[in-house]
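J.: Using the sequences and the hints, build the whole thing.
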Amino acid sequence: MVTFLKDPVYQVNLMLHLLMPAPPAEAPIRPLLYENGFGLHSVERSLPLPVRVREAARRHSLSIVDAPAPDVVAHDLASTYLVLECKASSFGTGSTNAHQARGLILAAGDLREPLGLPATCPTPHGCLVYLMPQEHAEAMLCTIAELRNELRALALPICSTCTFGLEERDDGLYLLCSNADELPHRLASAMENPVMIQEGVVSRPLYLLPVLPSVSQGDEEARYCRQVFLETIWQTTLSMAGQSRVGAFPAELTLSVDEILNNATHGIWKFWHRREDVKYIRDSVKLYLLRALRGSGGLPSERVEWSGQRRAVVIHLTSMDELKVVRERLETARPAKLVKEHETRQLEFDLSQPPGPPS
Amino acid sequence: MTVRARQLVGDLRAMPHLATREEYWKYFEGWQLQAWDTDANAYRTPVVKSFLVETVGSRAKAPDPHEMLTQAGVSADRVDETLFRVTLKGKTGVCALAEAVDSRFLVFYTTLPAQWARRWLRSLVNECPWLDRVWLSAPVFNRLWRYVHECYPKYRYVRLTFAYDARYEAETPDELIHSRVQADANDDPLDQSLEMLRERRSSKCTLIDRVGEIETRLDGLRKVHRPFCSIVQLRVPAPGRGGHDFYFDGQVTNRSDNFTDHRTQLMFVLDLYRRSTEQAESILWTRLHSEPEPGGRLAEGAPILLKFEKRLPADVFRRWVDGIFGRRNNVFRLWGHPLNAGPDLVHVYGVDRHLWQRIYLEFAPDHLLAFLPEGTCGNTVHRLVTNVQRFVDPGVKAWVGDLPYDVVVGATPAPGGR
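Heads up: the protein sequence lines correspond to chains C and B, in order. Counted the way the working numbering counts, the first sequence spans residues 1 to 359. Counted the way the working numbering counts, the second sequence spans residues 1 to 418.
Simulated from the structure, these hints should not be mistaken for lab results. Please note that a few of the clues may not be correct.
Said to hold, decoys possible - With beta-carbon atoms standing in for the labels, derived distance ranges:
1) C:262 - B:63: 51 to 61 Å
2) C:1 - B:204: 42 to 52 Å
3) B:81 - C:122: 50 to 60 Å
4) B:224 - C:258: 37 to 47 Å
To be verified - Cut-off 25 Å, straight-line C-alpha distance, at most; resulting in silico cross-link-like pairs (DSS-like, lysine-lysine):
5) B:223 - B:307
6) C:324 - B:89
7) B:223 - B:204
8) B:61 - C:324
9) B:223 - B:154
10) C:324 - B:91
11) B:397 - B:223
12) B:223 - B:91
13) C:270 - C:87
As the list claims (entries may be wrong) - Computed far set for chain C versus chain B, every beta-carbon distance over 10 Å:
14) 52
15) 80
16) 87
17) 91
18) 112
19) 121
20) 146
21) 174
22) 176
23) 249
24) 297
Each residue gets a CB set at the ideal place from its N, CA and C atoms; glycine is no exception.
T.: Structure (structure tokens):
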């Protein structure tokens, strides 16, 4: 039995693959949601609740998240929205997760304001779907049914709800839907019975998003995701350096840490809020760049500077050959190795001070 | 051979320094007569080799051709707005002409001997990330074949070459050779020496026949021998004698006596190629948002899927992955660090060395899945299909999103009129 089925990063990436246009019979992950008319709307997008709903919730002393950000939102041409939230296991109505669940039920109950749609358009059909390992799906269904009843009793807008359960079997990975009647008809029919979405050995798909802000992971998955994240940082940096166009020399090549991170995470980086995470990740990228570019075979230290103000590594180039050196160094520099060497000293970095040459 | 042609030619190595495009075109027409080969000390008939080269995708801005060629380590000076003389740094003779067809394609014309020309172009492309070959995959050749079949008389001769090189299959293993040698110790010594040969599968076959004959037999041949799916060269007939040999890697050799027709055929193929590449890009870059979303958004695209006809043996699969990522100048032009994502499953978060674009790859014994972030040049799709078909599986099937690749390149009509 694989352990990553309960990992939220795995689950989000699996959702993305289920929404990808791909040939259903041949694709390594069957794009079940795409096949049934759904496409990706957004990832980690916040859905702010209308103020009147927030006020009503306060009036009734309900704990809710005012602007819940579901992991994935999918939609079809008939304006049905699947609000997908990934979880390792179920939770009870007293848990802090229930605050977010209430927010999601209310947001998906009337998505016009949360999605910024015209007030005059018909209310889109919203359905909140919790994805988790199948053994927790039934308990989860009970919790969301309770939360929904609680909100309905207060005459607040509520949405349809169901769960998608992941189950590893001998012949592959299956997706099971509890409460499929709540889904649009076409998808409900397709998910009436368990659907095999990956044949054979269950394995992780390609991670388009190897990291998500504020998710908790087990050690093994965190290690794997970190490795993938470092690889995406490497590929993004190399891509940016490779595509840089330098017309005349001397020239300056600027590699902005935030730009690298933003590109590597498909724009998710902007929404990272935990300061210690942000600092740690920025430091790792900075360290990687400096160690990759300086030193023997690279450029002299004084030509590769850290600009704290711009949060960027600035490389002073005097010729095309030096640009080639930069590209070659980045091509062969493995971030996992370079960052690991100094991992224990990460938190000692001070961004305001220019770092010395690598030891 | 005319006196003028002899004066113009000089020798086989370099082209003359002429003033205008018309003069060069006339030169290429005259070149077909005869030229003095200093090595052979005789008159020979060299041919014009054209190389089709892609620069950037439809939404990216390519640098000026002059800048690109300089980055590639050659000197270029203008003949006119879109035609350049190309000389090697430190040399004076013109080794090729470069024509910027549009912002997407360059064509190099050269009279260098084929082997030199290929080597020169390989180093040029390897040096310059802005350049890549035009990759004519088997489905693109099938589309071209349809054109030949429909537009030329059935009695014209064409030439089709099929090739498959099982590059990643093991050579005859040591232990097998050893055991056979032991077992046959008392047999004929000639047999023993044959047993010691290291061999692997490789098929190459050329058909030269009338258009009508080939058309009736091709499907049957493919059923009995899969390498017949892997077309690597097609001769498109010229109006007169001979024709234009299109190769899988974008080389086109003029075997006719008409350079103008040669150039017309190049433009036709580039137009086909452009349309299929742009269609692939439009699928790959499909955005599900009509407007940029204010929230965290994914710049998503559809994946490319290559499904193999037969599952690759474990050793072949491993050798294939190692062959790509163990060598920087690999034929797939991919670079990255393979991560084991499961048994017989490798993920690479890598870069495409053409344009240094990011690319996400999943290698498995039965498929290759590639995800290209927005802005990626669609040429990557053709390169993957062409090289997998040549070196991994001649019967490979490909999809761009959920649309068969054959449909994207126009080799077969779209299902349901899509």
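J.: Each of the hints needs a verdict: does it hold here or not?
T.: Right, here's what the structure says about each hint:
Taken as a hint, the range 51 to 61 Å is violated for the pair residue 262 of chain C and residue 63 of chain B, whose Cβ atoms sit roughly 25 Å apart. Between residue 1 of chain C and residue 204 of chain B the C-beta distance comes to about 49 Å, which sits within the given range of 42 to 52 Å. Separated by about 56 Å at the C-beta atoms, residue 81 of chain B and residue 122 of chain C satisfy the suggested range of 50 to 60 Å. Remark: the range hint 37 to 47 Å for residue 224 of chain B to residue 258 of chain C is contradicted by a beta-carbon distance near 59 Å.
A hinted pair counts as satisfied when its Cα atoms are at most 25 Å apart, and residue 223 of chain B with residue 307 of chain B qualifies at roughly 18 Å. Between the alpha carbons of residue 324 of chain C and residue 89 of chain B the distance comes to roughly 18 Å, so the proposed pair stays at or under 25 Å and holds. The straight-line distance between the Cα atoms of residue 223 of chain B and residue 204 of chain B is roughly 16 Å, inside the 25 Å bound, and the hint therefore holds. Simply put, residue 61 of chain B and residue 324 of chain C have alpha-carbon atoms about 21 Å apart, close enough for the 25 Å limit, and the pair holds.
Restraint check: the Cα-Cα separation between residue 223 of chain B and residue 154 of chain B comes to about 23 Å, which is no more than 25 Å; the hinted pair holds. For the hint pairing residue 324 of chain C with residue 91 of chain B, the CA-to-CA distance comes to about 23 Å; that is within 25 Å, so the pair holds. Proposed proximity of residue 397 of chain B and residue 223 of chain B is supported: the alpha carbons are some 15 Å apart, at most 25 Å. Of the pairs offered as hints, the one joining residue 223 of chain B and residue 91 of chain B is violated, with about 52 Å between alpha carbons and a cut-off of 25 Å exceeded.
Distance check on the hinted pair: residue 270 of chain C and residue 87 of chain C sit about 23 Å apart at the alpha-carbon level, within 25 Å; holds. No beta-carbon of chain B comes within 10 Å of the beta-carbon of residue 52 of chain C; the shortest separation is about 22 Å. Distance check for residue 80 of chain C against chain B: the nearest CB is about 14 Å away, which clears 10 Å, and the non-interface claim stands. Every beta carbon of chain B lies more than 10 Å from that of residue 87 of chain C, the smallest distance being close to 19 Å; the non-interface claim holds.
The Cβ of residue 91 of chain C lies farther than 10 Å from every Cβ of chain B, with a closest approach of about 23 Å, so its non-interface assignment holds. Against chain B, the non-interface label of residue 112 of chain C holds: every CB pair exceeds 10 Å, the least being about 16 Å. The beta carbon of residue 121 of chain C sits about 14 Å from the closest Cβ of chain B, which is more than 10 Å, so the claim that it is off the interface holds. Every beta carbon of chain B lies more than 10 Å from that of residue 146 of chain C, the smallest distance being close to 29 Å; the non-interface claim holds.
Every C-beta of chain B lies more than 10 Å from that of residue 174 of chain C, the closest at about 17 Å, which supports listing it as non-interface. Taking the minimum C-beta to C-beta distance to chain B, about 22 Å, the non-interface status of residue 176 of chain C holds against the 10 Å cut. Even its closest Cβ contact with chain B, about 12 Å, leaves residue 249 of chain C beyond 10 Å, as expected for a residue assigned away from the interface. Annotated as non-interface, residue 297 of chain C keeps its C-beta farther than 10 Å from every C-beta of chain B; the closest such distance is 15 Å.
The structure shown violates the earlier hints numbered 1, 4, 12.
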